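Chemist: In our numbering, the protein residues as written are 1 to 89.
No wet-lab data here; the hints were simulated from the structure.
Given the structure is predicted, the values throughout are model-derived calculations rather than measurements.
Hints are not guaranteed to be accurate.
Straight-line distance between alpha carbons at most 25 Å, and here's what the computed DSS-like set of lysine-lysine pairs gives [as the list claims (entries may be wrong)]:
id, residue 1, residue 2
1, LYS20, LYS32
2, LYS35, LYS25
3, LYS81, LYS35
4, LYS25, LYS60
5, LYS77, LYS35
6, LYS43, LYS60
7, LYS51, LYS35
8, LYS32, LYS77
9, LYS51, LYS32
10, LYS51, LYS81
11, LYS20, LYS60
12, LYS20, LYS43
13, LYS39, LYS51
14, LYS81, LYS25
15, LYS46, LYS35
16, LYS20, LYS48
17, LYS68, LYS43
18, LYS32, LYS68
19, LYS32, LYS46
20, LYS46, LYS25
21, LYS68, LYS39
22, LYS46, LYS20
23, LYS68, LYS25
24, LYS48, LYS77
25, LYS51, LYS77
26, LYS46, LYS77
27, LYS35, LYS68
28, LYS77, LYS25
29, LYS77, LYS60
30, LYS81, LYS46
31, LYS25, LYS51
32, LYS48, LYS32
33, LYS43, LYS32
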Amino acid sequence: MLGNLTKNLELDNRIPCIHKYIHGKIISRDGKVLKDLAKEETKIQKDKIEKFLFINMIPKGLHNIFLKEMESYGLIKIQDKRTIEILNK
Numbered sequence: 001m002l003g004n005l006t007k008n009l010e011l012d013n014r015i016p017c018i019h020k021y022i023h024g025k026i027i028s029r030d031g032k033v034l035k036d037l038a039k040e041e042t043k044i045q046k047d048k049i050e051k052f053l054f055i056n057m058i059p060k061g062l063h064n065i066f067l068k069e070m071e072s073y074g075l076i077k078i079q080d081k082r083t084i085e086i087l088n089k
């Protein structure tokens, strides 16, 4: 952490714990919203993911930001406005 302070707060490429946790829960289909989906299915509707995020205490106003962060870390790929592809990492 002190290294980051001396280098003008450079960001490292490690994935934050909350993003890994949510990604793991989505892959395992844990929860009421995703339990009816097949584990092999990689494309999920965005509204189901948003319900899942809301249940897992991600504030509603931060859903799009959170999903864009997950995409930048390579955990998901946003296909269009309604479909999200889950990448296994």
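Chemist: Does each hint hold? Answer for all of them.
Modeler: We went through each hint and held it up to the structure:
For a cut-off of 25 Å, the pair hint linking LYS20 to LYS32 stands: about 19 Å separates their Cα positions. With a C-alpha separation of about 11 Å, the suggested pairing of LYS35 with LYS25 holds against the 25 Å cut-off. A C-alpha spacing of about 22 Å is found between LYS81 and LYS35, which places the hinted pair at or below 25 Å, so the restraint holds. Of the pairs offered as hints, the one joining LYS25 and LYS60 holds, with about 18 Å between alpha carbons and a cut-off of 25 Å not exceeded.
The suggested pairing of LYS77 with LYS35 holds, with an alpha-carbon distance near 21 Å, which does not exceed 25 Å. A distance of roughly 21 Å separates the Cα atoms of LYS43 and LYS60; the hinted pair therefore holds under the 25 Å criterion. This hinted pair checks out: LYS51 and LYS35 have alpha carbons roughly 13 Å apart, not beyond 25 Å. A C-alpha spacing of about 23 Å is found between LYS32 and LYS77, which places the hinted pair at or below 25 Å, so the restraint holds.
About 10 Å separates the Cα atoms of LYS51 and LYS32, which keeps this hinted pair within 25 Å; it holds. For the hint linking LYS51 to LYS81, the alpha-carbon distance of about 15 Å falls within 25 Å, and the restraint holds. For the proposed pair LYS20 and LYS60, the alpha carbon gap of about 19 Å is at most 25 Å, so the pair holds. At most 25 Å may separate the alpha-carbon atoms for a hinted pair to count; LYS20 and LYS43 meet this at roughly 18 Å.
For the proposed pair LYS39 and LYS51, the alpha carbon gap of about 18 Å is at most 25 Å, so the pair holds. For the hint linking LYS81 to LYS25, the alpha-carbon distance of about 22 Å falls within 25 Å, and the restraint holds. As the CA atoms of LYS46 and LYS35 are separated by approximately 15 Å, the hinted pair is consistent with the 25 Å bound. Distance restraint check for LYS20 and LYS48: the Cα-Cα separation of roughly 18 Å lies within the 25 Å cut-off, and the hinted pair is therefore satisfied.
A threshold of 25 Å between alpha carbons decides the hint, and for LYS68 with LYS43 the separation of about 16 Å falls inside it, so the pair holds. Using a Cα cut-off of 25 Å, the hinted pair LYS32 and LYS68 holds, with the two alpha carbons roughly 24 Å apart. Note on LYS32 and LYS46: the hinted pairing holds, with a Cα-Cα distance of about 15 Å set against a maximum of 25 Å. Restraint check for LYS46 and LYS25: satisfied, since their Cα atoms lie roughly 16 Å apart, inside the 25 Å limit.
Only pairs whose Cα atoms come within 25 Å are accepted, and LYS68 paired with LYS39 is accepted, the gap being roughly 23 Å. For a cut-off of 25 Å, the pair hint linking LYS46 to LYS20 stands: about 18 Å separates their Cα positions. Taken as a hint, the LYS68 and LYS25 pair is honoured in the structure, with Cα atoms around 18 Å apart against an allowance of 25 Å. A C-alpha spacing of about 15 Å is found between LYS48 and LYS77, which places the hinted pair at or below 25 Å, so the restraint holds.
Under the criterion of a C-alpha separation no larger than 25 Å, the hint pairing LYS51 with LYS77 is consistent with the structure, at around 18 Å. With a CA separation close to 11 Å, the supplied pair LYS46 and LYS77 stays within the 25 Å bound. As the CA atoms of LYS35 and LYS68 are separated by approximately 24 Å, the hinted pair is consistent with the 25 Å bound. For the suggested pair LYS77 and LYS25, the alpha carbons sit about 16 Å apart, so the restraint of at most 25 Å is met.
A threshold of 25 Å between alpha carbons decides the hint, and for LYS77 with LYS60 the separation of about 20 Å falls inside it, so the pair holds. Taking the CA atoms of LYS81 and LYS46, the gap is about 7 Å. The hint holds against a cut of 25 Å. At most 25 Å may separate the alpha-carbon atoms for a hinted pair to count; LYS25 and LYS51 meet this at roughly 13 Å. In summary, the hint linking LYS48 to LYS32 is supported, as the alpha carbons are separated by about 10 Å, within the 25 Å threshold.
This hinted pair checks out: LYS43 and LYS32 have alpha carbons roughly 18 Å apart, not beyond 25 Å.
Checked against the numbered hints listed earlier, the structure breaks none of them; every hint is satisfied.
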